[in-house]
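Taking the hints into account, I'd like the entire structure generated from these sequences.
Note that the protein sequences, when read in sequence, are chains A and B.
Taking UniProt numbering, the leading residue of the first sequence gets 1, the next gets one more, and so forth.
Taking UniProt numbering, the leading residue of the second sequence gets 1, the next gets one more, and so forth.
Derived by calculation from the structure, the hints in this document are not laboratory data.
Identical copies go unnamed one by one, so any copy, or any two together, can satisfy a pair.
Think about it this way: if two alpha-carbon atoms lie no more than 27 Å apart in a straight line, the pair counts; the simulated BS3-like pairs of lysine-lysine are:
id, residue 1, residue 2
1, Lys248, Lys260
2, Lys261, Lys232
3, Lys123, Lys11
4, Lys185, Lys261
5, Lys261, Lys237
6, Lys248, Lys261
7, Lys260, Lys185
8, Lys232, Lys260
Protein chains: 2
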Amino acid sequence: MKRGVYMNKNKVVRLAVVGGGRGGTFSKVLSNLADKAQLVAVCDHDEAVLDRWKDEFPEVRSYDNYERLLDDGQVDAVFLATPLFIHARQAIQALQAGKHVISEVIAITTLDEGWELIETVEKTGLTYMMAENYCFMRPNMMIENMVQHGLFGDLVHVEGGYIHDIRNLTHYPDGKLTWRGNLLKSYRGNTYPTHSLGPVAKWLDLHRNGEDQFESLTTFVSEGLAGQIYYKELFGKEHPGAGPDHWKQGDSAVTLIRTKKGKLITLRYDIQSARPHNMTHYALQGTKGAYLSPRHHNEDPLIWLEGRSPGISSDGSAEWETLWNYADEWEHPLWQSWGSVAEQAGHGGGDFSGFPSAATDCTDSGNTELHMTESYTSTVGWVPSRIADTNSCRTIRRFLEW
Amino acid sequence: MKRGVYMNKNKVVRLAVVGGGRGGTFSKVLSNLADKAQLVAVCDHDEAVLDRWKDEFPEVRSYDNYERLLDDGQVDAVFLATPLFIHARQAIQALQAGKHVISEVIAITTLDEGWELIETVEKTGLTYMMAENYCFMRPNMMIENMVQHGLFGDLVHVEGGYIHDIRNLTHYPDGKLTWRGNLLKSYRGNTYPTHSLGPVAKWLDLHRNGEDQFESLTTFVSEGLAGQIYYKELFGKEHPGAGPDHWKQGDSAVTLIRTKKGKLITLRYDIQSARPHNMTHYALQGTKGAYLSPRHHNEDPLIWLEGRSPGISSDGSAEWETLWNYADEWEHPLWQSWGSVAEQAGHGGGDFSGFPSAATDCTDSGNTELHMTESYTSTVGWVPSRIADTNSCRTIRRFLEW
Chain A
1 MKRGVYMNKN KVVRLAVVGG GRGGTFSKVL SNLADKAQLV AVCDHDEAVL DRWKDEFPEV
61 RSYDNYERLL DDGQVDAVFL ATPLFIHARQ AIQALQAGKH VISEVIAITT LDEGWELIET
121 VEKTGLTYMM AENYCFMRPN MMIENMVQHG LFGDLVHVEG GYIHDIRNLT HYPDGKLTWR
181 GNLLKSYRGN TYPTHSLGPV AKWLDLHRNG EDQFESLTTF VSEGLAGQIY YKELFGKEHP
241 GAGPDHWKQG DSAVTLIRTK KGKLITLRYD IQSARPHNMT HYALQGTKGA YLSPRHHNED
301 PLIWLEGRSP GISSDGSAEW ETLWNYADEW EHPLWQSWGS VAEQAGHGGG DFSGFPSAAT
361 DCTDSGNTEL HMTESYTSTV GWVPSRIADT NSCRTIRRFL EW
Chain B
1 MKRGVYMNKN KVVRLAVVGG GRGGTFSKVL SNLADKAQLV AVCDHDEAVL DRWKDEFPEV
61 RSYDNYERLL DDGQVDAVFL ATPLFIHARQ AIQALQAGKH VISEVIAITT LDEGWELIET
121 VEKTGLTYMM AENYCFMRPN MMIENMVQHG LFGDLVHVEG GYIHDIRNLT HYPDGKLTWR
181 GNLLKSYRGN TYPTHSLGPV AKWLDLHRNG EDQFESLTTF VSEGLAGQIY YKELFGKEHP
241 GAGPDHWKQG DSAVTLIRTK KGKLITLRYD IQSARPHNMT HYALQGTKGA YLSPRHHNED
301 PLIWLEGRSP GISSDGSAEW ETLWNYADEW EHPLWQSWGS VAEQAGHGGG DFSGFPSAAT
361 DCTDSGNTEL HMTESYTSTV GWVPSRIADT NSCRTIRRFL EW
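Structure, rendered in structure tokens:
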């Protein structure tokens, strides 16, 4: 076990950010975690990005080559904020070089990559965390806490939705496709499911204690029109994206999953349609109550709990109340500790709240299983994209081996 | 063609209600339609129900036998407000006796019944209407009007949800099951899909002009816990319903449908789970805008239309606005004519608004195709329940023949 080989004596994790564009947004977060993690290096292939880092953080070492970063013995862990297609390869390389890994989603894009990543984590004994930040948003954590204390009874149905028009992030100013554009061009299905699946998978305690796991799933995809319209308007009808056959992805995808214990999961994914964004649609139905996220940022999350909330279900008198009525009693312990700091970070606190947990896990002896199972969730989350074209529905036997 | 054989000269339809319990709620509606329809008879097997009708409507003839009602030459049309398992049989009998038919949902419960009903309508030339009242609710009609005028562009995804804990309607006071109880006991799947499917099928113009129709569908069903809990609490653990294997139905079912043109439909069905009701969840996504129904009765339906509503989709600034901002411009013509009367009826006006259309159709020469195709929608809506147990997903080839 190489665990902790490069660990600093005072247990502050020396962290390198890989992908300086997006990764830069986390530097503010880290300044609040000085006793747990220290930003010591950055890696990016773009000289202009590195120059900005040098100006802002002159004490941070900069690398334009990933292999040379991994040779830096004064780096304990890497934070991968790179395009999703290279996450798995970079994570495996880092683990092999003795570094702990925090990876942004999606963790892997093929099952083979998934197995290789899992085996590398197990062989090295290092910590790997898939940084699914939406699990760490305040309402999602509060619901998780209430589920664990049985307030909703047994869960039967959960929903997650990631609806977020990012057509303007799919191309460079000259019309060339970014990695997000290539994702739409080359894949069809629910290709980015972890933001919607992550929190509800935690509520269901899936793939963690071995009691429940995916049994069968299907993904249906609509026709794709939004990409054509957008590219035709912006770049003219000569742009390949303005044609009818350029984009493999459709505008909306919906995935249904049934678990071995009979829980039902509905996930919606749409990153092209014209509308107000809703990246954080969630719902939960249990035998003793229900939860429903807001439709937009000016609404409250709603909850109804049998015997506590107003009215009776079976006679039609039940009335929702705001989730915040339960904040004093059921705020997640992690949010109680870090909430005021997390609220300054992005994605509803999610960009922050995972860090204390990850940093603790890299320094203390302890449970790597937690984060490993989150990478499992990512793996199976990716699978729907592989079967969407046929609209087929089958038991993914491989899940049973896990 | 027997059409109009029994028609009254002044074109007022002489209507008989079949099923005096629920059917009685429509008598108020009919009083507002005196120039179009007249309630002349009622049929029920329960003497107590008939006695109440005699007290309240002494001029209405009462029958305790359906065949004798059908022999009444002074009845032009029957309104079937009976348990769903007998709708198709009663409709076919009435048509064969020369009566027009308005049937509550579900219209049919097997494909064989569906074909027999269709053939009987075509042979007799009489009018058959499936009274899917949710199509006639105010916001659903306004959205239909806006869709038809292209305000949402091309539709790509629609949602319908019928979430309505009616466990207290599944049994008599002594614990014996009602027909609703037997539906839960004997069938598994999305067994009552027309309230959620009806309005969105109209928005998509499905199975009407021949341009688009269902291509493939699947239904996933959760485990069933709510029935056991309810029956155990109310009747004790000796009641068969308190046992784990009594109910074939699960608590929540979700159906995915893809049409030939690539439109995606998501339907949710739950009539047992403990929570505030939401019988009218609807959503729509088009290439130029989106619609989202309220979560409860104190919220507005929300709309966003490109170029009209605030903000831009692709830069994240788009903001919902209330649908009622568009009422002056886009109120459905039928609601403009009848809205003030319809608001006094049940189900958000839906219990009323279908009647003027149906009454007109029974008296004027004209289009029976409209209502026939609505019975098609019902037919295919029922199909998911037949395939839910296997979680299988396949093309229902029979749709293609229609």
